[in-house]
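Use the sequences and the hints to build the structure in full.
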Amino acid sequence: MAVNTADAVQQRSRERRKSLLPLLKKVQETEGYLSRETIRHISRTLRVSENEIYGVASFYPQFRFQPPGRYHIQVCLGTACHVGGAPNFMEAMKIERGLGHGQTTPDRRFSLEGVGCLGCCAISPVVVVNGEVYGRMNRVTFMRLVESLESPEKPS
Amino acid sequence: MSAPRPEIRILVCESTACASSRSAEIRSALEAAVARLNLVDMVEVGFTGCHGFCQKGPIVVVEPEGIFYCQVKPGDATEIAEAHLAGGEPVKRLFYRHPVTKEAVPRYADIVFYKNQRRLILRNCGIVNPERIEDYEERGGYEGLRKAVTSMTAEQVVEEIKRSGLRGRGGAGFPTWFKWDLCRRQPGDEKYVICNANESAPGAFMDRSLLEADPHSVIEGLGLLGYAVGASRGFIYCRAEYSLAARWAQTALGQAYQKSYLGSRILGSGFSFDVEVFHGGGTFVSGEETALLSSLEGSRSMPRSRPPFPAVRGLWGKPTVVDNIKTLACVPPIIARGGNWFASIGAAKSPGTAVVSLTGKIVNSGVAEVPMGTPLSTLIYEIGGGIPNKKSLKAVQTGGPSGGFLPGGKIETPLDFDSLQEAGSIMGSSGIMVMDEDTCMVDAARTFLSFVQSESCGKCVACRVGTRHMVGLLDKVASGKAAEEDLGKLERLGHIVRNSSLCGLGQTAPIPALTALKYFRSEFIAHVVDKRCPAAVCRELVTFRIIPGRCTGCQMCVKVCPTKAISGPRSQPHNLDQGKCIKCRSCYEVCKFDAVAGEAIIIVS
Chain A
1 MAVNTADAVQ QRSRERRKSL LPLLKKVQET EGYLSRETIR HISRTLRVSE
51 NEIYGVASFY PQFRFQPPGR YHIQVCLGTA CHVGGAPNFM EAMKIERGLG
101 HGQTTPDRRF SLEGVGCLGC CAISPVVVVN GEVYGRMNRV TFMRLVESLE
151 SPEKPS
Chain B
157 MSAPRPEIRI LVCESTACAS SRSAEIRSAL EAAVARLNLV DMVEVGFTGC
207 HGFCQKGPIV VVEPEGIFYC QVKPGDATEI AEAHLAGGEP VKRLFYRHPV
257 TKEAVPRYAD IVFYKNQRRL ILRNCGIVNP ERIEDYEERG GYEGLRKAVT
307 SMTAEQVVEE IKRSGLRGRG GAGFPTWFKW DLCRRQPGDE KYVICNANES
357 APGAFMDRSL LEADPHSVIE GLGLLGYAVG ASRGFIYCRA EYSLAARWAQ
407 TALGQAYQKS YLGSRILGSG FSFDVEVFHG GGTFVSGEET ALLSSLEGSR
457 SMPRSRPPFP AVRGLWGKPT VVDNIKTLAC VPPIIARGGN WFASIGAAKS
507 PGTAVVSLTG KIVNSGVAEV PMGTPLSTLI YEIGGGIPNK KSLKAVQTGG
557 PSGGFLPGGK IETPLDFDSL QEAGSIMGSS GIMVMDEDTC MVDAARTFLS
607 FVQSESCGKC VACRVGTRHM VGLLDKVASG KAAEEDLGKL ERLGHIVRNS
657 SLCGLGQTAP IPALTALKYF RSEFIAHVVD KRCPAAVCRE LVTFRIIPGR
707 CTGCQMCVKV CPTKAISGPR SQPHNLDQGK CIKCRSCYEV CKFDAVAGEA
757 IIIVS
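In order, the protein sequence lines correspond to chains A and B. Heads up: the first sequence begins at 1 in my numbering, then just goes up one per residue. Heads up: the second sequence begins at 157 in my numbering, then just goes up one per residue.
Bear in mind the hints are in silico, worked out from the structure with no lab data behind them. Any given hint could turn out to be false.
[Said to hold, decoys possible] Some chain B residues near chain A, calculated using beta-carbon distances under 7 angstroms:
hint, residue
1, A173
2, Q211
3, S356
4, P358
5, A396
6, E432
7, H435
8, W472
9, G522
10, S606
11, Q609
12, Q734
13, C737
14, R741
A virtual CB, placed ideally from N, CA and C, is assigned to each residue, including glycine.
Okay, here's the thing in structure tokens:
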């Protein structure tokens, strides 16, 4: 009987721990980032220390700890995109908007992120804005895209 | 459900790449057009997963004729519906055109890209609707699982896999049956099986293609694995970025449960099995099997030392088998048709087929499948259609970011685990990257090594510190600041990292740099001794020039230059101030695509 109880307890704690990553992902999807309050809340729910959660979350590049801008720009830096000139997009944002990887503009309009291969290599270089994929970009069309996001009318 | 299916089916690819070109709109436009023309009883508008030929997307296929339309736009829907579906006259304008002869190729099966393929793992991709289990069943789906649970013992299943000679498609080529048998023989009834779909090698997208297009074959393979080793729980570890793949896999799971291919007492047998999709963290190292286990347990995904192997002590310390998604997709047909059938395909020591993603400087990029042992030249020149813009081939990289570069002379190397290893490269993720004469090998080696370096989990010194220093040395070479002895250092360091890293990530990380040094040493020497980059890529060694004779003075480059380095009045050749130029390529790109004369700006070394 005692063995069974121990097993059951262990099983429960494993399942709690296993749900950490999916939970963090879900929260980020709905809230856009992981706030301190969120992490504290998850820590209480799953009974995993906050330090431990930060340790895990900061390991994975997908998690953000600051709110993203209204237009979250992800630049694919995978091989095919890299060869196609994607690092130039990052540089262009740096030079022309002062925005680097993981940063958000003060007016919270744009945030920029360089990401690993998105698996759309056949249409590289690829840029994703709020989940929408734009393929076959170059520095010029990329900056035009950014400008179109700035203007009041939505890009087609 | 019971109504007969319309005879003509028009299928739109809604996989990630095609969806980015608005394929969902194409489908709704087609649906509207079909309804307007009162063809609903005759024509079914459906969708499929990836056809693999993403470059020509969005792709629309009309069955049963097998007419293949490419680069379709939502505005083309009406014409397709009116001319083809109602009038029976296919729209020639949207046919695929042969890259050299420019001849229109109407049928799917005649396109060079597909003609030389042998589709086994991707057997259903682009044919079945990933959200319809009936499509999969119609094509013999779940027969392997039915056969196993009703008439075979676990030993027999393992035996069949052994007979097939199947080797793990994750990269290392480890015999699949061996892992299965080891796990099967472990005591205890708490065992786990995992499908590794954490594809994060840049330039590889076949796992995404497969899971998006044919999730049921993966589920069936996982079920068979579970049955063979005696596990009652399985996971599909899917990369977080692949949201569409995860969604379709989730839908497929629900249907499999409904039809009793999953759940308790599967198909009336004594075997019970549950599967869930786990959204992984999207790091490269998570694809390493022990790191994947850590991630699944809710920790930082760092590899563990082996032995003990996961088959003995894996997830939560219990026996676990982790198999690549492509390995699992091979399993159902092996069980249904027998191991000998599978063993008769491909190369003697590497039976079966290889799924590769062709990218880089190649005419037809996409996902293709060929029998193992097919020479690289067939892949590149026949299926891939060769190198665009009449350039010549410089190198082929097989195996993703940590695979080796093979020079043009090695192009006849057969694509299988052992031959590639002999040539100094690896099968790896089977991403094939083609590089033409415009590629600088120093820059390429640096790019791949920096990727692996930034993905290193940091657990062992060799990988964490070693790759960092290798990148530093390559930076020095690329900027013309290196001495000849640095090349020796780079080589030595590469061997140390390869021999002393804990997991496959570190062990393979130096391969690109080492093979580049081996086969393309002269380019390194050019950077180091002559301080020039022969391919005119390495930024610090090149200059941008305007050819006055070609410049029409259209001012496009003047407008885009971020540092105002280009000046000049309209209609007169512009001037480029080298002191201000930051070599950002903006002018080069705008000149190539937008300028009236075109290509008046060149990069020289």
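Status of each hint after checking the structure:
no. : hint : verdict
1   : A173 : holds, 5 angstroms
2   : Q211 : holds, 4 angstroms
3   : S356 : holds, 6 angstroms
4   : P358 : holds, 3 angstroms
5   : A396 : holds, 5 angstroms
6   : E432 : violated, 10 angstroms
7   : H435 : holds, 5 angstroms
8   : W472 : holds, 6 angstroms
9   : G522 : holds, 6 angstroms
10  : S606 : violated, 9 angstroms
11  : Q609 : violated, 13 angstroms
12  : Q734 : violated, 18 angstroms
13  : C737 : violated, 13 angstroms
14  : R741 : holds, 6 angstroms
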